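> Sequence:
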Amino acid sequence: MSATVIVLDTNQFWDFPMLRSPDWMELIEKAPQWDLRFAVPEVCLLEAVADVPREWRKRRSEVAKLAVGEFGLTQSQNEWLDVIDRKIDGYEEALGARLADIEADIVPIPEGVNLRDIVQRAIDRRKPYQEGEGKKDGFRDTLIWYTTQHIAVADRDCEIWLVSTNHRDFGDKSQAVDHEACPYPLHPHLLEDLDTADLSGRVSYVRTLGRLVQHLAGKYDSQPESQREALISQLNQDKFEIALAASVDRFRLNPAAAALPLKAAYGVVHAFDRDVGSLEFVDVAMRGGGEWTAQFKQPIYATVDLTDHAAETSNVDKTLNVAGRLTVGANGHVRSMIVTSIEALPDDPMLRAWRMAWDPMSDTGFAQNIRQQIDPLSNPDILTRIRQQLDPLSNPNTAKRIHESPMRPPEPDEPQKLASPSLDELAANDVASPSGEDSDPDENNGTSPE
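Residue numbers 1 to 450, in this note's numbering, belong to the letters of the sequence shown in order.
Please note that a few of the clues may not be correct.
[Stated by the list, open to error] Here are the computed lysine-lysine pairs in the DSS-like style, where the Cα-Cα straight-line distance is at most 25 Å: (1) LYS30 to LYS65; (2) LYS87 to LYS58; (3) LYS239 to LYS297; (4) LYS318 to LYS173; (5) LYS136 to LYS87; (6) LYS30 to LYS219; (7) LYS318 to LYS263; (8) LYS297 to LYS219; (9) LYS58 to LYS136; (10) LYS239 to LYS263; (11) LYS297 to LYS173; (12) LYS173 to LYS263.
[To be verified] The following label-pair restraints were derived from C-beta to C-beta distances: (13) GLY72 to GLU312: 38 to 46 Å; (14) ARG125 to ARG352: 49 to 57 Å; (15) GLY332 to GLU131: 42 to 50 Å; (16) ALA230 to ASP275: 15 to 23 Å; (17) THR384 to THR319: 40 to 48 Å; (18) GLN120 to PRO261: 40 to 48 Å; (19) THR319 to ASP101: 30 to 38 Å; (20) ASP157 to ASP82: 47 to 55 Å; (21) ASP82 to THR319: 47 to 55 Å; (22) PRO188 to TRP14: 26 to 34 Å; (23) ASN315 to GLY72: 43 to 51 Å; (24) PRO380 to GLU312: 41 to 49 Å; (25) GLN33 to GLU92: 30 to 38 Å; (26) SER226 to LYS263: 44 to 52 Å.
To be clear, the hints were calculated from the coordinates, so they are not data collected in a lab.
The structure displayed is predicted, hence computed values, not measured ones.
Yeah, the Cβ is synthetic: ideal placement off N, Cα and C, and Gly gets one too.
Start from the sequences and build out the full structure, keeping to the hints where you can.
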């Protein structure tokens, strides 16, 4: 079995600065059995020891503002502040000791990284740099990506997992089934990088550590298919629905992810129905005492209570997909459940509206229309009409009508002339209606061509 290297982005330190969450504890405990290694790019460590104390100082300020004197808690407040100060001052050393304890590798920036290449990447808006003129600088994320590639090159027998919440920098949302996709699709630019370096299939990406834990558990602690089906069939559906309702009730919807109306500031699921047969499980893994865990996906038909930015309320009915993880006891009862995402289905038409709201140019039809307004000559129809005005004979209809036009004998003392309209008249008519038919009256101020 080849080793699995878990590469951590800086954001993995924000919620659990000392890496002591239940997911972390399970990974650390299973590391010898699953052959796991942890890697922290040096740039991420530098960010973490700056970002975490900065956030803690903000919290310290909030604690210092608490008016607790009238409760006789001033001394306690001062003691709290002293503890916070010690945590802030000692975080860098404490984190270093923790990383050493779990035998994490601190990986320096690869020597082969060329600053000119990074500059060119920024100019080309190549991921992890963002498209457009966004405020976020992709320099550090680019160094993280180069470090991840370097790890894969240095050990071609290992499997690499990059864990980062920065899905806009590393991921391709258009190809993701949902937030919990594992692996989450890498952006095409990054896939090209891997292909160029002969690393195709070697680096995978996931948005959350918890999702990776369940994936690895399903890989290393799995059961034969027949046994998995037997476990799932014993699930108490009533207990599952009770746990699901409780978890969904506490979940605040992301308006864009759930494809709610554009005016919505947030939404919560008020009620829902579900089809038991549509419940899906992946990464099923056995635990001690007959327990098992799994990643689940359950479509629901929900009534969503909405609140807009003006504090006006309304509701909407729609189908949503609930994803999360659960632990089931040997008796088939749900012991714990975490809902990690509630999102719209991939074919929800409101998703396009949200993409347009965030980035209008992401819609090809809208972008083409804007381009043609800015540069009319980018419209092939306009170019054709201009060409026909400059050279009437370039219009096949005009040339045909001239060719078929009959001649009449001239009257006495009258110069010989064509009985048909002049070239200018023919050209004018054909340019106004290239198809040979009358134009739309609305396009001619209410009058048809003569």
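> Each hint should be assessed against the structure and marked as holding or not.
Evaluation of the provided hints:
Pair hint LYS30 plus LYS65 does not hold up; C-alpha atoms about 43 Å apart against a cutoff of 25 Å. For the suggested pair LYS87 and LYS58, the alpha carbons sit about 13 Å apart, so the restraint of at most 25 Å is met. Among the hinted pairs, LYS239 with LYS297 is consistent with the structure: their alpha-carbon atoms are about 16 Å apart, no more than 25 Å. Between LYS318 and LYS173, the direct Cα distance comes to roughly 21 Å. Compliance with the 25 Å bound is thereby established for this hinted pair.
Simply put, LYS136 and LYS87 have alpha-carbon atoms about 29 Å apart, too far for the 25 Å limit, and the pair is violated. For the hint pairing LYS30 with LYS219, the CA-to-CA distance comes to about 12 Å; that is within 25 Å, so the pair holds. Between LYS318 and LYS263 the alpha-carbon distance is near 16 Å, which keeps this suggested pair within the 25 Å criterion. Proposed proximity of LYS297 and LYS219 is supported: the alpha carbons are some 18 Å apart, at most 25 Å.
Pair hint LYS58 plus LYS136 holds up; C-alpha atoms about 22 Å apart against a cutoff of 25 Å. Pair hint LYS239 plus LYS263 does not hold up; C-alpha atoms about 36 Å apart against a cutoff of 25 Å. A distance of roughly 18 Å separates the Cα atoms of LYS297 and LYS173; the hinted pair therefore holds under the 25 Å criterion. Note on LYS173 and LYS263: the hinted pairing holds, with a Cα-Cα distance of about 23 Å set against a maximum of 25 Å.
One distance hint, 38 to 46 Å for the beta-carbon pair GLY72 and GLU312, holds here, with the actual separation near 44 Å. Our hint of 49 to 57 Å for ARG125 and ARG352 is violated, since their Cβ atoms are close to 23 Å apart. In this structure the supplied range 42 to 50 Å holds for GLY332 paired with GLU131, their Cβ-Cβ distance being about 48 Å. Remark: the range hint 15 to 23 Å for ALA230 to ASP275 is upheld by a beta-carbon distance near 22 Å.
THR384 and THR319 have their C-beta atoms about 46 Å apart, which keeps the hinted 40 to 48 Å range intact. Between GLN120 and PRO261 the beta carbon distance is about 42 Å. The supplied range of 40 to 48 Å therefore holds. Here the CB-CB span from THR319 to ASP101 is close to 46 Å, at odds with the stated 30 to 38 Å. Distance hint for ASP157 and ASP82: a CB-CB separation of about 49 Å, consistent with the stated range 47 to 55 Å.
At about 53 Å, the beta-carbon gap between ASP82 and THR319 stays in the expected band of 47 to 55 Å. A hinted range of 26 to 34 Å holds for the C-beta pair PRO188 and TRP14, which are about 28 Å apart. Our hint of 43 to 51 Å for ASN315 and GLY72 holds, since their Cβ atoms are close to 47 Å apart. Taken as a hint, the range 41 to 49 Å holds for the pair PRO380 and GLU312, whose Cβ atoms sit roughly 46 Å apart.
Checked against the hint of 30 to 38 Å, the C-beta distance between GLN33 and GLU92 comes to roughly 31 Å, which is consistent with it. Checked against the given bound of 44 to 52 Å, the beta carbons of SER226 and LYS263, roughly 50 Å apart, stay inside it.
Hint check: violations occur at hints 1, 5, 10, 14 and 19; the rest are consistent with the structure.
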